[in-house]
Every structure is written in C-alpha cells, then in structure tokens.
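Protein chains in written order, with this note's numbering: chain A, 1 to 320; chain B, 1 to 320; chain C, 1 to 320; chain D, 1 to 320.
In case anyone wonders, no lab produced these hints; they're calculated from the structure. Heads up, some of the hints might be wrong.
To be verified - 25 Å max Cα-Cα, derived BS3-like pairs, lysine-lysine:
| # | chain 1 | residue 1 | chain 2 | residue 2 |
| --- | --- | --- | --- | --- |
| 1 | B | LYS304 | C | LYS304 |
| 2 | D | LYS296 | C | LYS139 |
| 3 | A | LYS297 | B | LYS144 |
| 4 | D | LYS297 | C | LYS144 |
| 5 | B | LYS297 | A | LYS144 |
| 6 | D | LYS296 | C | LYS144 |
| 7 | A | LYS297 | B | LYS139 |
| 8 | B | LYS139 | A | LYS296 |
| 9 | B | LYS304 | A | LYS144 |
| 10 | B | LYS144 | A | LYS296 |
| 11 | A | LYS296 | D | LYS304 |
| 12 | A | LYS304 | D | LYS296 |
| 13 | A | LYS297 | D | LYS304 |
| 14 | C | LYS297 | B | LYS304 |
| 15 | A | LYS304 | B | LYS144 |
| 16 | B | LYS297 | C | LYS304 |
| 17 | C | LYS304 | D | LYS144 |
| 18 | C | LYS139 | D | LYS304 |
Protein chains: 4
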Amino acid sequence: MTAPTNPSFEIAHLAHVEVYTDRFEESLDFFTRVYGLKLSGQDGASAYLRAWDDYEFHSLKLTRHHTTGVGHVAYRAASPEALERRVEVIEASPYRKIGWVEGDAGHGRAYRWEDPFGHVFEIYWDTNRPPPGDASALKNLASKFHAQGACPRRIDHVNLLGEDAAAFRDWAALTLGSRVTEYIQLDNGRIGGVWFSCNNKTYDLVCSEERGGGTGRLHHVTYATDTREDILRAADIMLENGVHIETGPHKHAIQGSFFLYVWEPAGNRVELANAGARLILAPDWEPVVWTEADRKKGQAWGLKTIETFHTHGTPPVTKD
Amino acid sequence: MTAPTNPSFEIAHLAHVEVYTDRFEESLDFFTRVYGLKLSGQDGASAYLRAWDDYEFHSLKLTRHHTTGVGHVAYRAASPEALERRVEVIEASPYRKIGWVEGDAGHGRAYRWEDPFGHVFEIYWDTNRPPPGDASALKNLASKFHAQGACPRRIDHVNLLGEDAAAFRDWAALTLGSRVTEYIQLDNGRIGGVWFSCNNKTYDLVCSEERGGGTGRLHHVTYATDTREDILRAADIMLENGVHIETGPHKHAIQGSFFLYVWEPAGNRVELANAGARLILAPDWEPVVWTEADRKKGQAWGLKTIETFHTHGTPPVTKD
Amino acid sequence: MTAPTNPSFEIAHLAHVEVYTDRFEESLDFFTRVYGLKLSGQDGASAYLRAWDDYEFHSLKLTRHHTTGVGHVAYRAASPEALERRVEVIEASPYRKIGWVEGDAGHGRAYRWEDPFGHVFEIYWDTNRPPPGDASALKNLASKFHAQGACPRRIDHVNLLGEDAAAFRDWAALTLGSRVTEYIQLDNGRIGGVWFSCNNKTYDLVCSEERGGGTGRLHHVTYATDTREDILRAADIMLENGVHIETGPHKHAIQGSFFLYVWEPAGNRVELANAGARLILAPDWEPVVWTEADRKKGQAWGLKTIETFHTHGTPPVTKD
Amino acid sequence: MTAPTNPSFEIAHLAHVEVYTDRFEESLDFFTRVYGLKLSGQDGASAYLRAWDDYEFHSLKLTRHHTTGVGHVAYRAASPEALERRVEVIEASPYRKIGWVEGDAGHGRAYRWEDPFGHVFEIYWDTNRPPPGDASALKNLASKFHAQGACPRRIDHVNLLGEDAAAFRDWAALTLGSRVTEYIQLDNGRIGGVWFSCNNKTYDLVCSEERGGGTGRLHHVTYATDTREDILRAADIMLENGVHIETGPHKHAIQGSFFLYVWEPAGNRVELANAGARLILAPDWEPVVWTEADRKKGQAWGLKTIETFHTHGTPPVTKD
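The shape of chain A in the complex, shown without the other chains (with noise of 0.2 Å):
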C-alpha cells in the first residue's frame, strides 16, 4: 500500500460526529443516562454532546433525522496554517468539495469534502469550550467526571462502510494525510477494512467495506474508556437498560482494543473500546496486514465475529 506511514501533522484529531436518528428523545436519554455523555447544549435541530474530558464543546451532534446514519465527521486541524494547507490539498483533489460552512454551536466556519461514497468530512481550527459551572476537582479535566452510566472519557473514532475500501484510503491518505496502520487484505483482492490514524493513536478513522448494499452508511461510533473494567461495568448497564448488546465484551485482534458494541435506540451501532498504553509510536510504522486466514481465527481471543457485524449498517437499506 502507498499510504504513507508518517502522519502530515496538519489534522491534530478526530473532533465530533454528527449522528442523525429518527428516535430523537429516545437515542438522546440513551446518550446523556447510559451511555453517560453530557449535553453542553440543544437546539430544536440538534443535541451537541461530549464525553467527561473531552475538551471541545462537542464530540456527538445528536440530530432529529427522518433516518439514522452519520451527518458528517469533523477533524480539528493541529493550527490555522495547517487548516489553510490541508483545504489547498483537497481543494487540488479529484474528490467532491462542498467549501466552507459557517459552524455552529460548537466551533467556527470549517471546510466541508466529501469521501467517494458520499460522507461529509470537515475540517475546522476554532473552536468553542465546554460550558462553563462544570469544573472538575483536578483542575487538567475539561470538566467533572459525573460517573453517569458508561461514562467514557473521549472520543475515540468512527468506522464507516465504504463501497471500495482501497478507494477510501487514497482518499484518507492525500485528503487527511492520514496514515494506515493496520488493515485486512482479502483473498479476492480487495480491500476489507483500513485503519487510518492522522496521530499516535492506532486510529480514529476506519473504512469498513460496504456489504449491505447501500451507500454512505455508518458502521459505528466509539468512545475510549480509561479501563477495560469500565468496558465490563458497561455490559452490566446495558444489560439492566435493556439495550441490545450486539457482541463483546472480548478484544480485537485488530488494533487489540477491549470492545463492547450496543445499538443505540434509533439503531446506530455504538462501540465503548479501551486500547490500554499502546500508541503508535514509531515513525515508520509498517501497516499491519490481516489475511482471510488469520480472520478466521476470530477475535483475539477467539470469539467468532457476529453476523451482523457484516451486515447491520446505518441507515438501513430500504429495499423496492
């Protein structure tokens, strides 16, 4: 793969997400109960929420849609000067622009593109903070740890379905300069699924090769929990909520992390994962490759991966 392996730098990190659900009230108590996000704030249109210590206003737009799915994905760029480099990249690029847009709630005007299955990227430099009257006792939070439901610390990243997934990581690549850090190499040729990292993080982007039919869709959204035991706590809270627990608890084998995959009222499928100390730390960090065989070991420690996995997406696909 071409993908280089040392980031550009210019992206400093996976900022928010926008997720649309045709359940509003319901995806939203899920979230803010649950889940345990905190709502920094509302308007008729939308709910901004962010995880405890998250330091942007927002990491999840929650937003009134006719359907569930992904809205856009944002990335915050690492200084105004790498933002004006990275729109003259992409604005040199083959893929479809969408220009600036004005913001909102959470941070100022940013520059919208588009990836090949029509998914809208953006990428911004101001921000705004969480509300204030929400300091934690440890003046380096963002703000208080409430020990409200799941309660993850950050935002971690966003896997999303692409019809062509080698079509996806040129993308990631020349727009994001995003690096590959791991992904799966099929018997057939293709790509099956590439792990992208823009930092030391393993990744923050995936591109899941699109089963379903269907186009632009959301594979899921994940938060970081400091400890696999909040992973474990997690189960039992969705277990008493009554939230369909999809798989997991176990630990990928790609990228390693400890995972719990639940669908969210409205039917988006969520992910709380902790990766423990690993980073990506060497510079020249070589894309790790995983086989049809070695999938066919499961997950790490040997839990067949699910079905629905492969299949369950979102929107879901109408048929006529």
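Given the coordinates of chain A, assemble chains B, C and D onto it according to the supplied hints.
Just chains B, C and D now, kept in the frame of chain A:
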C-alpha cells in the same frame, strides 16, 4: 511560559534511557524477573532491555558503573530529514554539544548534546528491532506478551533533577521542540517541576527541581502498563520480592496517572504508571499550572507526597 | 486466645447497622447519590437503605439523632431454632440484656443485648425483602444494578471502638458464636483490635481499641464492591463530590482487603472494601496474630496508617 | 425441589480434585507454568498442586493415566466429629460405598463413596499444609504470591457430567448435605444442571446433564481469581502459549461469575472464574430456576453458549 504548546513533531518519541548501576547482577535480575522487561542482548558493559511491546531493540540500557544515575536519554527523530533539522537547531543553540556518536547494539549513529545540568541527550533515526524468535500470537504486537513480573507494555517517561527547571524548560522547548503540558509554579517564583511532551502522550519528560545538592541526577524512569490493575498486582510482586516500595499505588494530581514507585536494588527509582485513555490531542493545549496551594492537597485522592520523593535521586550526593 | 475458630453457624450473617446522623438530609444524599445505596423506605425517623444485591429490605438504617454514631448492629440467625438457641445462650450470659423488641419496616421481632461497652446488638429470623418493582435482568440478583455512585454490592462489616478489645472478644465468642480470624497483639499485653467472622467471610465484625476517651462509639461501616477498580472509581466520585477521603485506596495488611475510607457529611467513617477471592474456608483456621513490629511496616504496600484512623470515631468525644 | 437450602455445615469445603492425564509432562507444565499452580510434591504416579492461597498441601492431584477425566473429588469435613456423622449418613444411604482409604501426601485417612454415575468422592479431616519455605510477606496468606502464569488464588469448584442431574441432586443433598443454589429446569421436565454449595460460596459443585453418551465424566475444574482483570490477562497468557480457548472471557448468567474456559494439553476443560463479592449468605436462599427460555438469552451479556460446551467432556467417549 513561552514554551511551544504545539510540538514540532520532528522528534517522534522518547526511545531509551541508559541507567547506571553499581549492583549490575541484582539490577538486571530486578528489571527482568521482577519488573518484567525482556533482555534483547548483553555485552560486558551493558544489558539491553525492552518492554514486550516496545518496537525497538531496547528502551533501557543498564550499564555497569561505579555509581547509579542516568547515562543518557535518547529520542528517535520523526524522519531522517527531521533528524538533520533538529541537529541544525541544536548546533545553533547555546547549549553544550557532544556531536555525532556511533550508536550501539540498539541503533545507528546519534547526535548528542547536554541539558544545562549535564544530562546527556541523543537523537537518532536508524534503529534496530527486537531480536527474532519472539513473535506474539497477535501480529500487531512487537513481541510476545511473556507475563513475567510486573510486565509493563512500553517505556513511558523519564524524570530528571535539575537545579533550575525554568532553564530546563527553555532548553527542551528549543532543542527537542517539546511542549509544556503541566508545571508547578512555586510561591517564590521558581518552577518546581515541568512536564513535557513531543507527541500526543501527556508527557515523556519531566524536570523536577533538584533540592538535594546534586547535579545531573535522575529522579526516575517509568514504564506504562495497560491497566491500573497491573499496578496493583505489581505492588504485590514488589512486596513478595522484597523490593522497597517508596509510595503508591495512588493517583497523581498532576497528569492524573496511576502510579507505583519502587527503588531497584542499586537505588534508582523506577515507576510503573497508567494514564488511562488520557492523551493531549488539543493542538492549543494550555499548560496546566499547579500552585503550592494546589500541591498542599496532596495527590489526587489526598495522599501526602512522601518526603524521600523530594530528596532521593541517583547517584546519591556525596558529602565531603 | 480461647475464642472458637470454628463458628457456631447459628448466626447466618451481619444484617444491618443503624447509623445516627445530625445532618440527616446531607447524609441521606451522600448514601444514595454518592455512595450508591438504594432507598427501600423512609419514615419520619429513619431511612432504610440497602446495596443493590443485599437480599433484605435494608442493611443500613439511617436515623435522625442529636449526634452521630451507631444505633444498633443486627445479625440474622441461621434458622428459627438457631435464634432460640442463641437467645438462651445470651440470656445465660453475664452481659446486659434488653430483650425482645418489635422489629421495624425491615424485619420481625428481634432479641437485643449489649456488648461490654454499650453497643446494642440484635438477632432475628423473620425478615422482609426489598420493595417490589426493582427486578434485575438477571434473576439471581436481589435487585437491579443501578450504577449510581460508588454502588457497592452488599454490606460487609462494622468496626466498633471498645475500651477493652479482649473483653469484646470474649463477648463475641460467647454470644454470637463468632470465631476470631485475625488480631493485633500489642507489646503491652493488650489487644489492639480483633476481627471476627460468623461464617466464611474473612470478617464481618471488628473491635478496635478505643483511644479517644469515648464509649460505645463507631469506628466505621463497610460495604463490599465486586472489584478493586470499583474502589478506584469511587475515589474519583468522592473527590468530585467534595467528600473527605481519609485514606486509601490501598490494601490492608490485616485481612488483605483493598480499601477506601471517607467521612460522610455528618462525620461517620464509611469504607468501601474488596477482599478478592479470599474466604476463610479452613474449619481449623488459626487466628493470625499481628505484633506491633508487624504494624510498623504499615499497610500491605507500606502506607503509614493515618493518625485520624486512631482517633476519629463517632460520636465525637465532648470535652467538659 | 426438595434439597435443603441451609447447608449442614458438617462439610467445610471442596478440598481437591484428582485429574487424570495421558500427557502428564505437558499437563504438568501447563498447570504450573501457564495456569500458575504451585507444585507441592510429586511421586511416580501423581503431582500435587495447589493455588498460592490454598491452605492445604494440594487442591489438584494430577495423575498419570491411560486417559483423561476425574479420579476423585475430595471434601474436608468441618471437624472430626462432623466427619464421623457424615460417614454414618453415607453408610446408611443407598449409594455405593468404598469405605476408608489411607490418604496420601496431602491428607490422612478418608472415607470414599460414589455418586450415582461412578464419580468417586471422599471426605477427611486430617490434612497437611503446603511445604515449608514458601512464606508470603503477608502472614495471613497460605504461601507467597508467585505471580506465575494465570495464578489463581484458590480452588473454586468442580463440574461433573451425570446422566440424571436430579438423581445427583438427591445424592448430594443426602450425602454431602449440600444445598442447591441454582438449577436449570428443562421443558421436558428434566434438570439440565444443578449448582450446589456446602458453605457460603455460591457453589462448589455442579452436575451438568451428560449428553455425550459417557459415564462418570468430568466437565471441568475451576480456580478462583481475585479480579476479572486476572481473567482478561489469563486469556492473553493462554493465547501466547497456544492453549485452546474454548469460550470467554464473558460473564455467566447462572451464578454471575466472570469466566474463561480452556482445554489443558490432555483435553481436560479448566476454568478460571471470579464471582466478585457475591456470596450466599441468606440461610433461606431459594434456589434460582433457569428455564430453557431464560437460557436462550445466552450468557449474561448475550454470548451464545458454544456447542462444545454441551458435548466435550473427559475422558472422550469411545465409539465401538
């Protein structure tokens, strides 16, 4: 403070620390059997050790010496070009240079220079990998998880004693391009300690104010564990092996890491730490300032800092 | 020591503790929202609280009072017949008896008597279950895991201050039929503290030597968590809620439990503890004797016992 | 069901299990180096193993044999008198008796009898302690925490296959005086499995319905860990050592324990489990009944029970 908040990204990461011991066999037994590092190689002068998921040949060089303390601290550059640029910056700086050295079993040629207190630093690009024959069942790990002793995952940071932490701060900002993530502002106007990072880790380098009359001394070296439970378990291992536990397990207020400090047989302080999912992703992170009033609250959960933490360093200060 | 090592098994388990508070509303808020007990019921005088997996109506009776401390300590008998046999033993003993009382919202009639220092104890058979409507998704749990606050699983033990721990030992062996599992032998010949169990728990009752000049005072009440991580998490919850953390988290040398001690708003000391998989299964368990020399090593990992641990009890001792 | 809910307390606890292996050296290497038991002694026929906090000489007797499975299951009586009383009860029972045997390196004379399916049980009073020279730094531990392999704390339970679980239930209630804590009620009127306890543990003995055509077979032997993290860590140890992980880590619905099942080199199934703070303290505990409808929900967090769990037992059933 004027140190950059956005790192240069020309230095990839802390790579290894050379630690001196006047009880080589006992120290080596401690670091391998009890602390749980792997022995990559050994010659008459030094043993080359690494954590099980360190991707380089070694992250700890344990060297026979007439006393204890730190031999040198090494960083890996982000690319061959970045190495050249950093060397240019250092050459133009007012600090004492040593120049290019050959490297050793673990890496190729390296450029060496000193901080204001005589600690030797080096940067390099060419590196060696762990010896073959130790592959993990999971192909994204650097070597097999061998479950020996405390068994941390990777090197985390080094803490050096310096007579003037503000001078160290200027030195680190200029020569390493590191950013300050947190620091202690004493009532007397001096800086009590400064925490630095050259990447998304919350810190990889610390300078603590020397109060014992020494110069160029080591405060401690730290490896990261995947979980806090690893650290609780390590405390039992230290106890059963007669290792002096200085303080912990507890949680730092500064940087929020869960910690355990012990003294290896020759007296060098060694830490195990876990930061949970905490990273510094904000490109415009404002250094967190801790006052003496803040410090009077003790560690995160109120533990008073133990007296030896302010006085014990290696080598011991000789009175004459 | 002459106390039995094999318990009588006529007393099934510690059932509940009545705790006095002169700040009822604040204490109730602490025990429900922060500490994470459930409110089973309430009348003008008392609130009846339980942990989520306590199978009885309540394990903590929080009662409005002009001061703090312990109202009474209750044990459940192993059978109606065992209750009668125990009452016969107590009636024949030299200790002060109160006799049968009516019971309350939580249980039926109970027999009451006193230890040598005026602490009131009771035993009973007829008991009430938690209020309906709170069933867990798992049918072997007493009620729903509600994930509120520190959220311990069940009551664990109570620690009482007594002017003569040896006298308490004789009292407990005779009237409760408890065995001594560990104790502190002071150099002056006195007993510093004694740990008792009436079943396979390592202890459910402790008498610590009173050194503050009070009488009939409470040292602390403890609930058990499933994991040590629950206790680390609880420490953050206490910190964010402004609760005074007295000491911990750390591991006791005596009994080996992982602990956290805090003071609830009225000043009563409350602990969270986890014993791991430790049980006393040996029928011929020899009490473990801790000398002053042993105690000088501090807690399991070396933490020095905090001074207030030897002086703070409730109610406070009034000077006149 | 008519089994007693209140145990007799004449049997103190499950003491040891004799496991047969036709790959003695490999099994011994597994149980000591990987699973983390300690070798108390060895003769030509058997190795005597114990967990680090087992207080008796051994809790696992590993015996060379032409095949796999269970040799015998041993319980320790609560007192010499209780032993005599139990033997009287057994002698008067309709079950097959073997009578008194000499004992071995681990304990004195023992009385042996059989369950309805030919599994051999024994009870004894006189016991031996772990070999000297292995004292822990903490005097309340049976021996040093050696931190080898998965390193469980103590033996927990044994699960036997029986052609008629209801018949086993009657046998256990009568001869052991055990109570039933949970069981599976099949739609066809049969009992799918029964969990027994003779003390405050939630269970120490299980009978699962034999569906593979064998007789007197072993389902698995289990040791208890202090934490769930120990089990997650053990899964990595099994993975790195090429041990077959059958299922887990996950949480059982029945009994609620966190589990990991592996097959030791000769094929015997071995579990690691953690029950958290769960105990059966209620003297009038009502057995929890699980229906087939309940079981269709899978394990606690939804994991489907793996097929081999219903078919694999030792020794293998020979077809002829």
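- Would you check the hint for LYS297/A and LYS144/B, treating anything up to 25 Å between C-alpha atoms as holding? 18 Å, holds
- Message: Checking one constraint from the list: CA of LYS304/A to CA of LYS144/B, max 25 Å. Satisfied?
- Response: With Cα atoms ~23 Å apart, LYS304/A and LYS144/B stay inside 25 Å; holds.
- Item | Hinted pair LYS304/A and LYS296/D, Cα distance within 25 Å | Roughly 18 Å between the alpha carbons, so the hint for LYS304/A and LYS296/D holds.
- Query: Is LYS297/B within 25 Å of LYS144/A, Cα to Cα?
  - Reply: 18 Å, holds
- Message: Would the hint linking LYS139/B and LYS296/A be met if the CA-CA limit is 25 Å?
- Response: With Cα atoms ~14 Å apart, LYS139/B and LYS296/A stay inside 25 Å; holds.
- Query: Under the criterion that the straight-line Cα-Cα distance not exceed 25 Å, is the pair LYS139/C, LYS304/D satisfied?
  - Reply: 18 Å, holds
- Message: Does LYS296/A sit within 25 Å of LYS144/B, going by the straight-line distance between their CA atoms?
- Response: 21 Å, holds
- Message: Given the hinted pair LYS297/D and LYS144/C, is their Cα-Cα distance within 25 Å?
- Response: At roughly 18 Å apart (the allowed maximum being 25 Å), LYS144/C and LYS297/D satisfy the hint.
- Pair hint LYS304/B and LYS304/C, alpha-carbon separation not exceeding 25 Å: Judged against 25 Å, a Cα distance of about 11 Å means the pair holds.
- Query: Is it true that the CA of LYS297/A sits at most 25 Å from the CA of LYS139/B?
  - Reply: 12 Å, holds
- Given the hint that LYS304/C pairs with LYS144/D, does the C-alpha gap stay at or below 25 Å? Distance of about 23 Å is within 25 Å: holds.
- Message: Given the hinted pair LYS297/A and LYS304/D, is their Cα-Cα distance within 25 Å?
- Response: Status holds; Cα separation ~18 Å.
Going through the hint list in order, the structure satisfies each hint without exception.
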